[in-house]
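Enquirer: Residue strings, one per chain:
There are 2 protein chains.
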Amino acid sequence: MPSYTPPLRDMQFVMHELLKITDEYKAMPRHAEVDVDTVNAILEEGGKFASEVVFPLNITGDQEGCKLDKETHEVTTPTGFKAAYARYIEGGWPALSCDPEYGGQGLPVVLNQAFYEMLNSANQAWTMYPGLSHGAYEAIHEHGTDEQKKLYLPKLVSGEWTGTMCLTEPHCGTDLGLLRTKAEPQSDGTYRITGNKIFISAGEHDFVPNIVHLVLARLPDAPKGSKGISLFIVPKYNVKADGSLGGRNGIFCGGLEHKMGIHGNATAQLVLDGAVGTLVGEPHKGLQAMFVMMNAARIGVGMQSLGLTEVAFQNALAYAKDRLQMRSLSGTKAKDKPADPIIVHPDVRKMLLTAKAYAEGGRALTMFCSLLIDRELHHPDAKVRKDAAELVALLTPIVKAFITDNGHIATNACMQVFGGHGYIQEWGMEQFARDNRINMIYEGTNTVQSLDLLGRKVLGNQGATLKKFGKLVAQLVEEEGVNEKMAEFINPVAYLGEQMTKFTTEIGFKAFQNPDEVGAAAVDYLRVAGHLVFGYFWARMAQVALREIAAGNQDPFYKAKLQTARFYFAKLFPETATLMRAARSGSKVLMDTDEALA
Amino acid sequence: MPSYTPPLRDMQFVMHELLKITDEYKAMPRHAEVDVDTVNAILEEGGKFASEVVFPLNITGDQEGCKLDKETHEVTTPTGFKAAYARYIEGGWPALSCDPEYGGQGLPVVLNQAFYEMLNSANQAWTMYPGLSHGAYEAIHEHGTDEQKKLYLPKLVSGEWTGTMCLTEPHCGTDLGLLRTKAEPQSDGTYRITGNKIFISAGEHDFVPNIVHLVLARLPDAPKGSKGISLFIVPKYNVKADGSLGGRNGIFCGGLEHKMGIHGNATAQLVLDGAVGTLVGEPHKGLQAMFVMMNAARIGVGMQSLGLTEVAFQNALAYAKDRLQMRSLSGTKAKDKPADPIIVHPDVRKMLLTAKAYAEGGRALTMFCSLLIDRELHHPDAKVRKDAAELVALLTPIVKAFITDNGHIATNACMQVFGGHGYIQEWGMEQFARDNRINMIYEGTNTVQSLDLLGRKVLGNQGATLKKFGKLVAQLVEEEGVNEKMAEFINPVAYLGEQMTKFTTEIGFKAFQNPDEVGAAAVDYLRVAGHLVFGYFWARMAQVALREIAAGNQDPFYKAKLQTARFYFAKLFPETATLMRAARSGSKVLMDTDEALA
Numbered sequence: 001m002p003s004y005t006p007p008l009r010d011m012q013f014v015m016h017e018l019l020k021i022t023d024e025y026k027a028m029p030r031h032a033e034v035d036v037d038t039v040n041a042i043l044e045e046g047g048k049f050a051s052e053v054v055f056p057l058n059i060t061g062d063q064e065g066c067k068l069d070k071e072t073h074e075v076t077t078p079t080g081f082k083a084a085y086a087r088y089i090e091g092g093w094p095a096l097s098c099d100p101e102y103g104g105q106g107l108p109v110v111l112n113q114a115f116y117e118m119l120n121s122a123n124q125a126w127t128m129y130p131g132l133s134h135g136a137y138e139a140i141h142e143h144g145t146d147e148q149k150k151l152y153l154p155k156l157v158s159g160e161w162t163g164t165m166c167l168t169e170p171h172c173g174t175d176l177g178l179l180r181t182k183a184e185p186q187s188d189g190t191y192r193i194t195g196n197k198i199f200i201s202a203g204e205h206d207f208v209p210n211i212v213h214l215v216l217a218r219l220p221d222a223p224k225g226s227k228g229i230s231l232f233i234v235p236k237y238n239v240k241a242d243g244s245l246g247g248r249n250g251i252f253c254g255g256l257e258h259k260m261g262i263h264g265n266a267t268a269q270l271v272l273d274g275a276v277g278t279l280v281g282e283p284h285k286g287l288q289a290m291f292v293m294m295n296a297a298r299i300g301v302g303m304q305s306l307g308l309t310e311v312a313f314q315n316a317l318a319y320a321k322d323r324l325q326m327r328s329l330s331g332t333k334a335k336d337k338p339a340d341p342i343i344v345h346p347d348v349r350k351m352l353l354t355a356k357a358y359a360e361g362g363r364a365l366t367m368f369c370s371l372l373i374d375r376e377l378h379h380p381d382a383k384v385r386k387d388a389a390e391l392v393a394l395l396t397p398i399v400k401a402f403i404t405d406n407g408h409i410a411t412n413a414c415m416q417v418f419g420g421h422g423y424i425q426e427w428g429m430e431q432f433a434r435d436n437r438i439n440m441i442y443e444g445t446n447t448v449q450s451l452d453l454l455g456r457k458v459l460g461n462q463g464a465t466l467k468k469f470g471k472l473v474a475q476l477v478e479e480e481g482v483n484e485k486m487a488e489f490i491n492p493v494a495y496l497g498e499q500m501t502k503f504t505t506e507i508g509f510k511a512f513q514n515p516d517e518v519g520a521a522a523v524d525y526l527r528v529a530g531h532l533v534f535g536y537f538w539a540r541m542a543q544v545a546l547r548e549i550a551a552g553n554q555d556p557f558y559k560a561k562l563q564t565a566r567f568y569f570a571k572l573f574p575e576t577a578t579l580m581r582a583a584r585s586g587s588k589v590l591m592d593t594d595e596a597l598a
Numbered sequence: 001m002p003s004y005t006p007p008l009r010d011m012q013f014v015m016h017e018l019l020k021i022t023d024e025y026k027a028m029p030r031h032a033e034v035d036v037d038t039v040n041a042i043l044e045e046g047g048k049f050a051s052e053v054v055f056p057l058n059i060t061g062d063q064e065g066c067k068l069d070k071e072t073h074e075v076t077t078p079t080g081f082k083a084a085y086a087r088y089i090e091g092g093w094p095a096l097s098c099d100p101e102y103g104g105q106g107l108p109v110v111l112n113q114a115f116y117e118m119l120n121s122a123n124q125a126w127t128m129y130p131g132l133s134h135g136a137y138e139a140i141h142e143h144g145t146d147e148q149k150k151l152y153l154p155k156l157v158s159g160e161w162t163g164t165m166c167l168t169e170p171h172c173g174t175d176l177g178l179l180r181t182k183a184e185p186q187s188d189g190t191y192r193i194t195g196n197k198i199f200i201s202a203g204e205h206d207f208v209p210n211i212v213h214l215v216l217a218r219l220p221d222a223p224k225g226s227k228g229i230s231l232f233i234v235p236k237y238n239v240k241a242d243g244s245l246g247g248r249n250g251i252f253c254g255g256l257e258h259k260m261g262i263h264g265n266a267t268a269q270l271v272l273d274g275a276v277g278t279l280v281g282e283p284h285k286g287l288q289a290m291f292v293m294m295n296a297a298r299i300g301v302g303m304q305s306l307g308l309t310e311v312a313f314q315n316a317l318a319y320a321k322d323r324l325q326m327r328s329l330s331g332t333k334a335k336d337k338p339a340d341p342i343i344v345h346p347d348v349r350k351m352l353l354t355a356k357a358y359a360e361g362g363r364a365l366t367m368f369c370s371l372l373i374d375r376e377l378h379h380p381d382a383k384v385r386k387d388a389a390e391l392v393a394l395l396t397p398i399v400k401a402f403i404t405d406n407g408h409i410a411t412n413a414c415m416q417v418f419g420g421h422g423y424i425q426e427w428g429m430e431q432f433a434r435d436n437r438i439n440m441i442y443e444g445t446n447t448v449q450s451l452d453l454l455g456r457k458v459l460g461n462q463g464a465t466l467k468k469f470g471k472l473v474a475q476l477v478e479e480e481g482v483n484e485k486m487a488e489f490i491n492p493v494a495y496l497g498e499q500m501t502k503f504t505t506e507i508g509f510k511a512f513q514n515p516d517e518v519g520a521a522a523v524d525y526l527r528v529a530g531h532l533v534f535g536y537f538w539a540r541m542a543q544v545a546l547r548e549i550a551a552g553n554q555d556p557f558y559k560a561k562l563q564t565a566r567f568y569f570a571k572l573f574p575e576t577a578t579l580m581r582a583a584r585s586g587s588k589v590l591m592d593t594d595e596a597l598a
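Heads up: the sequence lines are chains A and B, in that order. With the UniProt record's numbering applied, the first sequence covers 1 to 598. With the UniProt record's numbering applied, the second sequence covers 1 to 598.
A couple of the hints might just be wrong.
Stated by the list, open to error - Calculated pairs, DMTMM-like style, for lysine to aspartate or glutamate (alpha carbon to alpha carbon, straight line, at most 20 Å):
hint: 1; chain 1: A; residue 1: Lys-321; chain 2: B; residue 2: Asp-175
hint: 2; chain 1: A; residue 1: Lys-321; chain 2: B; residue 2: Asp-592
hint: 3; chain 1: B; residue 1: Lys-559; chain 2: A; residue 2: Asp-594
hint: 4; chain 1: A; residue 1: Lys-321; chain 2: B; residue 2: Asp-594
hint: 5; chain 1: A; residue 1: Lys-333; chain 2: B; residue 2: Asp-175
hint: 6; chain 1: B; residue 1: Lys-337; chain 2: A; residue 2: Glu-169
hint: 7; chain 1: A; residue 1: Lys-559; chain 2: B; residue 2: Asp-594
hint: 8; chain 1: B; residue 1: Lys-224; chain 2: A; residue 2: Asp-336
hint: 9; chain 1: A; residue 1: Lys-333; chain 2: B; residue 2: Asp-594
hint: 10; chain 1: A; residue 1: Lys-321; chain 2: B; residue 2: Glu-595
Derived from the structure by calculation, the hints contain no laboratory data.
Just chain A, same shape as in the assembly (with noise of 0.2 Å):
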């Protein structure tokens, strides 16, 4: 059976030591008496959540998954799943970041954050669930009418409802603008919608009494394609003017998809049969509206890669400590004992770092795009605002599809060190490797992903965005380009990122003449650009850890975050020299292959 610790010491490390969180919260009003003990505390409670309640039933749940009943279409989720939900809500967490005017607390996003990456780490399946209410409290927050926020917003707020999102339709997942559903406008000024969704998360499920689904569907009028398509509020039972519920809306769980992983989340096709809906935001705008919601999705799912690296990271390593195979190539080390522990072996170090890398380097990044999400909402200063949000534009398709390819990675990395263990279900370690898969498909697969970073946010605006990035880069060159001890780290981060300038402008030009060399360039160059990253990340917490070294502190933590910054820059930032190779390589292998395809 797998275990899980809250890694509450290199949270800290990250929000206090390396992000400094709560002196910028000083300058933001709404987060200005947020303090570090604050933050711990909220840490601590949060972890002990995560571990003590969502954590036990991660295994059980993917063993039994969820159950559809076909004549009520009401899904029973799996044993413990709902009381464990029931004490979410009593614990307050729904509301940790929302917004008080609903109930909510308030808090920075930075604190959600971390909080689901420890729920991610304990039960991903499980976390899914209040994952996605959050979604659509965002969206109605950000688009819907008032009476909309007062009727919905506060429920979800505490938790008392969950919430969806439906896009997806058996002929369309990437490709929205194919979508077929429809609304028909109503003399009360409501819509009736009909159609058919599939792959919808959360979708159905005993949690609790009603669901706010948000689903996509055109207008009689709309013109075709992407920009023909809104956004409706479609709860499961009918919400009457007083918040009460009324009767049960036309929304059927139609059947429960068997995948590959996490299975205790009700992966849902919903039947619309004129089921009654309200209009969010301007007819044919959805699609805008519904991205609120999925940018803040796609760095969801960039954490539940995350919280699954970290925690098969720790099973890894105790298993690498305890399990006795072979000796030490360099000799005997444990004596006493028949065979040595198998982390003497340098390939199980590097299995094991490799997971650790990524998981650090992960939450540097993470916690640092949701600080500049509180940055956006809540800084005084226009300007600031601004750059916060253009630079989280930039970093979001990073830290989906880099941090879920890395946790691929990872999670696969840390079942081989089990060997045939690894793959057995009661070890729990090929359940991390199941789960982390759907993180590299859905919300945008990871090639859409790369075609936003590349196509949208740096050949979109001329690298401008990217040059902002660029700027906090130059700015730690400035800072410790004279320090010696610093130059094992900050000169790889400042070489690629020379490299990386001329590399865009290449594919820019080659892509003037066919845009095809933004398709075959994309993925390999969303790689290089996490690299530059975790790599400027990786030397900013080589720059904490080398001053408290300097200055005395003893604590091993420092040493540690040395150690795994010199592997990450020995034995993973160097990827980055095939992937440039692979990109210049071009489109023409690519495209010129119809007989190899044939």
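Based on these hints, arrange chain B on the given structure of chain A.
Expert: Structure of chain B alone, referenced to chain A:
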């Protein structure tokens, strides 16, 4: 539902045009009569059996799994598995490459392996039952007494009985020196064997009346460690001198593992309680005898991933042509359709071609190895036999680790082509990825393979065997060095060959001072060696294709081969740059990490 078409054309290309096997067989008395028509007829029949009989049971077998009756200790395999095995016997398939003295057809190993590739594409879980029998056949054929051969081989050859390999125990997998199962000599020359084995593939099932377990155990006077292990035949039912079945032997299935994949294969915990066994080979030399099975099994595991890579590719290709989603970045391609088929997108092509290049490269390499085994077994010239044996020993860990890692990359890429549908069981794609995952682990993890390659096969003889492979590369360079059209294929291989020599010397020198340098470099080294070998075969395949095209052959197969070769060298082969850089960074960043792994 997935589909599968045996890749007969490509198999024939490798056999007849690349390796010219029937020319080779003319030199081997045993196979001198094997002609192209015979080969093709067997391939065609084998392909029919795999695709029509075994493939339809793949998804259902995964869903049903195996069931153990805890009272009787008997296992029921998934619906249809037993009937398919009966047809397998009827068709005479188990006998294909077995010794005619025991009822075999005496056909080349190349043919048997090609058949197994197709079986593995069709259903790896099912194929493991006959696959393990073949291993038991080989061990008894090589090391058994005349009586053992007479009693067991005819039934294994006919398929009336099946076999297993019983190595692993709960506390030892890689490190068999730790094993505890005991064998007590009896006055009648038999042994009573007691202990617990785990992870025994095909360890119990309902296919046949008897199972021939090959069991590793210790004699009372055994030296400690791996030099004190003996090999025994322990049948499920005792076998009387006339070959008929006696009483039930004391070897029982105590449990079945719940695994990530290969659900259709019974992975058994076997309890031996004074089970009667007979010694195979010499006392205390069981591990060497077992290695006969393990080397064949390692190539067999590579074949499993080759099969999965091929079938995943076929299905992803079909889906990519069928699924309409978004428009091509370089302008609409399917004007009459609501969107373009996703095969227009460069990254979708990249994922498909990755699988194709790995499948076709793997097919060339594994058939070459099988031909080497045919040479080793049946060539009249002792020098040829010895060279073949050494080369196949060098290539075996590459076949096992490189092809299974590539299978991981390829099955996951093909699954990714399906987007969300790739994660859903009914499409079958996630099963290919799950089934493949065990191949990186069992029969010696891929880390163990890399240590075998670098430590034993390369540095163990100062690179002498590696130079044999180098000679093949040099010969190709000599043949084609002046052919401009071949430069794009030859140059990277020749360059890598040179680097490899230097790289090997470097590691050898460092390892002399610190043996952990071998462990730190081995996994990267194996992948570099894998690309050298694949690069060599891709260059030779391009050579054949160019010659055919130059001769006016219009078959688009050759153009496809060239396109795939170009893709391989542009997008996959450059991985070697990163691998060598990471390997050169040495062991210090791995071993000097005690605080990081505290």
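Enquirer: With reference to the structure, classify each hint as holding or not holding.
Expert: Checked hints:
Note on Lys-321 of chain A and Asp-175 of chain B: the hinted pairing holds, with a Cα-Cα distance of about 16 Å set against a maximum of 20 Å. Note on Lys-321 of chain A and Asp-592 of chain B: the hinted pairing holds, with a Cα-Cα distance of about 16 Å set against a maximum of 20 Å. For the proposed pair Lys-559 of chain B and Asp-594 of chain A, the alpha carbon gap of about 9 Å is at most 20 Å, so the pair holds. Of the supplied pair hints, the one linking Lys-321 of chain A and Asp-594 of chain B holds, its CA atoms being roughly 11 Å apart against a limit of 20 Å.
With a CA separation close to 16 Å, the supplied pair Lys-333 of chain A and Asp-175 of chain B stays within the 20 Å bound. The hinted pair formed by Lys-337 of chain B and Glu-169 of chain A meets the criterion: a straight-line CA distance of about 17 Å does not exceed 20 Å. A distance of roughly 9 Å separates the Cα atoms of Lys-559 of chain A and Asp-594 of chain B; the hinted pair therefore holds under the 20 Å criterion. At roughly 15 Å between alpha-carbon atoms, Lys-224 of chain B and Asp-336 of chain A fall within 20 Å of each other, so this suggested pair holds.
Restraint check for Lys-333 of chain A and Asp-594 of chain B: the C-alpha separation of about 14 Å stays at or below 20 Å, so the hint holds. As the CA atoms of Lys-321 of chain A and Glu-595 of chain B are separated by approximately 13 Å, the hinted pair is consistent with the 20 Å bound.
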